[in-house]
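Produce the complete structure using the sequences and hints provided.
2 protein chains.
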Amino acid sequence: MRRNFIFFLAVIFWSVSVFSQTITSPNNNLSMHFQLVDSVPYYSLDYKGTPVIKASRLGLELEKLPSLMNGFEIKDETQTTKDETWNPVLGEVKTIRNHYNELGVELYQPSTQRTIRIRFRVFDDGLGFRYEFPEQPNLNYFVIKDEESEFALNGDHKAWWIPGDYDTEEYEYTISNLSEVPKLFDHSYDQNASQTIVPMALQTPLMLESKQGLFINIHEAALIDYAGMNLDLNPKTFVLKTHLTPDAQGMKGYIQTPMRSPWRTIVVSDRAEDILASKLILNLNEPTKYAITDWIKPVKYVGVWWEMIMGKSTWSYTNSNNIHLGVTDYSKLKPNGTHGANNQHVKDYIDFAAKNGFDAVLVEGWDEGWEDWFGHSKEYVFDFVTPYPDFDIKMLNDYAHSKGVKLIMHNETSSSAINYERHFDTAYKLMNHFGYDAVKTGYVGNIIPRGEHHYSQWMIEHYQRVVDQAAKHKVMVDSHESVHPTGLSRTYPNWIAAEAARGTEYDAFGGNNPNHTLVLPFTRLMGGPMDYTPGIFQTKLDYYFPGDKRFVKTTLVKQLALYVTMYSPLQMAADLIENYERFPDAFQFIKDVAVDWDDTKILKAYPGEYILEARKAKGKDEWFVGGITDEHARTMTIDFSFLDPSKKWIATIYEDGKDADYIKNPQSYHIYQKKITSKTKLNQRLAPSGGVAISIKLAE
Amino acid sequence: MRRNFIFFLAVIFWSVSVFSQTITSPNNNLSMHFQLVDSVPYYSLDYKGTPVIKASRLGLELEKLPSLMNGFEIKDETQTTKDETWNPVLGEVKTIRNHYNELGVELYQPSTQRTIRIRFRVFDDGLGFRYEFPEQPNLNYFVIKDEESEFALNGDHKAWWIPGDYDTEEYEYTISNLSEVPKLFDHSYDQNASQTIVPMALQTPLMLESKQGLFINIHEAALIDYAGMNLDLNPKTFVLKTHLTPDAQGMKGYIQTPMRSPWRTIVVSDRAEDILASKLILNLNEPTKYAITDWIKPVKYVGVWWEMIMGKSTWSYTNSNNIHLGVTDYSKLKPNGTHGANNQHVKDYIDFAAKNGFDAVLVEGWDEGWEDWFGHSKEYVFDFVTPYPDFDIKMLNDYAHSKGVKLIMHNETSSSAINYERHFDTAYKLMNHFGYDAVKTGYVGNIIPRGEHHYSQWMIEHYQRVVDQAAKHKVMVDSHESVHPTGLSRTYPNWIAAEAARGTEYDAFGGNNPNHTLVLPFTRLMGGPMDYTPGIFQTKLDYYFPGDKRFVKTTLVKQLALYVTMYSPLQMAADLIENYERFPDAFQFIKDVAVDWDDTKILKAYPGEYILEARKAKGKDEWFVGGITDEHARTMTIDFSFLDPSKKWIATIYEDGKDADYIKNPQSYHIYQKKITSKTKLNQRLAPSGGVAISIKLAE
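Residue numbers (the working numbering), protein chains in the order written: chain H, 758 to 1457; chain U, 758 to 1457.
Keep in mind that the hints were calculated from the coordinates and are not lab data.
Any given hint could be a false lead.
No copy labels: a pair is met if it fits in one copy or bridges any two.
[As the list claims (entries may be wrong)] In silico DSS-like cross-links for lysine-lysine, where the CA-CA straight-line distance does not exceed 30 Å:
(1) 1229 - 1151
(2) 1186 - 1231
(3) 902 - 1091
(4) 1432 - 1297
(5) 1089 - 832
(6) 1046 - 1089
(7) 1186 - 1229
Treat the numbers as computed from the prediction; the structure is a model and nothing was measured.
Structure, rendered in structure tokens:
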């Protein structure tokens, strides 16, 4: 269904020339209006007749070239409709419907003889638009000075936001009206290993709620070969504007045509649950080009990690502070005796993983260089192939494989991305040689090439190079401290998960607020799965270090529920073996819970307050329910109508104990079984920062 | 011979604490005086009692750390003497004497508990000093904000200088007193493909002459893992100060101890000829670690090059301006018909090389990507392995080898150094596969990683990585647009030559002054051999392009003499085949002249005016004499006393014709033979910008 129009000038009145065109969503709830006013392109978006985005300018400023902001004529216009379904390799649902109406507008700038295209896709759950730069005589290469896409909001919305930054998303969320951002901005961040705050900018996914109860989520999709986006906020007009991450010289992107920008996405609904259910961002990504994907599998794992994060053991093998890789002879250094990744300890984890049905064991701190890996802008910081003397890579992999378990490789780059690119092929060959099928990458610290940022174009391309190179070796990638995901797991399904937000590790650093995991699904997770690493049973760290004030601000049961509410096909049980052995009945839920799904139901959700979801395990008649709450205790009615009414079910319910409280009594829980049907309704109490986790199987 | 002293405080008077120590050159002509005055280190240098360098401060400013400028105590002092000889793999002489007295001063900074060492070596022909940073608890990592080494000159010397720049040395030399630099500075440069002028700074090697006729040359030796140096000039006090090249963030160097700076070198003599004869810079470099060097051989070559430089043919195969490597299908593009590197043309060059005894043929423009290689900051600009459709890499190499000739690989990086590092191993494997043994690299344009400079630390390390990687593949490197050489060909003899100055190509661009090649040996060539690409017989380009004003500002004979005066073990005969065929008698000199030498005699030289040298071919009883002059005709007396007096010799003398003139009659020459002995003296006239070239063999 394709229509072509050739326009001269649509309308002329009062010396203002206006071309305009409207497309609606398949269900007609959404209406996108495109206008060319005095040769300047604008768009706006309505939801059920209510303005979501008011007339907002589109365009780009270029370096040393005339801008792509104005002086346009309409050259061509195309409308199409698409309605298809596709199956993600791994996902929250088995089948995704991709249904939209599309408007493509070709804009010609007579003064420069250049043509660009702006493409809009209106789905039932939102809008995506992007710029396209066709190859043409007068537009082969250009440098982006700034993308100036606006999102003119229709009021002083409530926002769940983190401050603009070029290097990290690892902040707590601030909840405020947009007009309050100026006074709160400087309180919205703490220190990070690498950070470049962008004043009065907000990061995406940005979650908003209008006074009329309209939920709006703004982000980007298919971020490829282009700088990552922040949003400049005008706290008086509530206009947001794209703010691309600059490179070392302040440039925002080097473009060779043909090229297209990422999609700018606006997910909209009057139900918060619909935001979580939206597949708009995935739909705006390209289908995967991988012919074979059977090597991409969900992973539930344990690992040598939390003990280092909280300070019980070390990544480093010695206490030296000056390592020259390939020169320093570790056999002549004194071991510090605290090295976590030692043979016996790793074998214990392998045994534990095998016994409890985990797929894999992550081991951090296995390779030479951890003594001085951080804070020195050291370019040759790891070689990614040389184990410490007490890590027998062959023996441990052989041992793991003999037990049906795989090791997960850890490649911390220390943000020396340039060094990682020199070594990654060798590193992946080593993984192939020893039978690793997944790598956790890390980008802690400031980027090398120096002056680049975690979200500048060069690094976006770097993350892509890593995923491409890993794919050649059939290796799955779990990237930490990388850019906000933008749905690329559709196209590159081996990019199985990412961190790219404040994860569980912060519970051992500065702490995560009780509402943190209630916001993340509405923000960070809109772009893709997060390796949040839940499962901490021993939430209070004074258990290890008497007097230590640090603690994970949830109940134990809430940690269980996170396996359902924090979608990821790669999920860690992050706590120590000894803690799982102390609570074997609660641990059963982690053993049972799926990580890849046929279906997902967002039962109840409000950002930062509560989330209740049910998910059906991939290929099995098993459901798992997870409910979590913020610092407020809460009773939720769980309606099991999602269950097949023709079948009988038995639910194992993991609930907060009556006296449970994330501060006073986090380990109080109660487990019981109950027969249920699709008609069952359960009034379930959740403790302050508590939760509920339910596994549901067919009754025999 | 090693003496150790422990000092408290050497002398205390008038509340100024002074430690001082003097060492002299082996012949006592030079005297270096080190002082610690009020805890600040200074050095000075005298030549035969005349001050060369007055008391000059030493030290470094660090980023975010206390400086290494003051607050020092003497901790230890060491004096040694060395007298040894060594044989360069390729060189101007067969054996080099390395003879110096050394002072090592260990400086302790009590406030920071850090120790550094300054090492001085005094040779008969000059001084070298460097900083050493031993590994120690309080000095493992630091960032250099600036090195502040001074060279306080003793007067308003005459200087042969090019302006400070972070990216290019491709300038004409300006000759002026130092006090005149301010008024001349902005006239001292023209445009370059990549340039970052450093106001009121001068580049090294910097050639100076005092009013008393003392010749002084300042440069650096063994530039490894450290930013390249300019010299800030104070035009009133005549104090020069090191000015390191910054990276994208303005930092001058990331240092991990143990580490040492390059040597700062001062070559001094009252004879200009001694400056050219000095081996001080080579001596300050480390001996090669290559166990086997027989794959490193001198190379005389022709090539497909000058025709593109002057505009007769093109590097590119098509006139497209938008190439996506690996995507663009060249078979579907229209060839432009001007591509130089085509099979037939290269075969003609191979035939010509074989017939005339050349070792190799350089071919530029053989690989895909030349259509849009420059000016777009295009990162993936070449893959270095994919030939154009009309360049049959296997056939041409087979053909060349069948005739005893090798092809020289050309890897223009377009300064996308990061891309070259991704591909160089594959590129060198391709060279090995097809039998290339040398590569010409190029760095035209601004560096990627963006913000780095041609002389910033990262790029210095890059050039080193290239040479190291090439060595693994037994490939010789001829680097163009790289940093000023600093004698590293001693340590890495496969770094056979470099351009790194304004070469013959500029005769087709902006033009080189008649005195240009009279200055280069005193400046650029102090650091190592230059691939100047002499041998242009058809100096006037209106021969090809009627009305074209461009011309090479020398006589034909001066072009011959350059093969002797511009030392390089890699020498091109740069002109077109047709021009050598027009002047076969003159071309005979190029065919005969050696490129590797047993001995060199600097007979007469004054920077920018005249040079007369004699060199003995390696392993042969053959001498070659080259004499050149600036725009002034000149008569030189050539004293053949360098010849073995027990033998009789026959000289073939290539002289400017009586009516020769670089403007009016450049191709006028006269060739004759003459029997000579060691007692012969020849009064030889050189035309304006003319020369004389003499080949001398044993009389049968």
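Against the structure, the hints come out as follows:
no.	hint	result
1	1229 - 1151	both (22 Å within a copy, 29 Å between copies)
2	1186 - 1231	both (10 Å within a copy, 25 Å between copies)
3	902 - 1091	neither (52 Å within a copy, 34 Å between copies)
4	1432 - 1297	neither (34 Å within a copy, 99 Å between copies)
5	1089 - 832	between (72 Å within a copy, 28 Å between copies)
6	1046 - 1089	between (49 Å within a copy, 25 Å between copies)
7	1186 - 1229	both (10 Å within a copy, 21 Å between copies)
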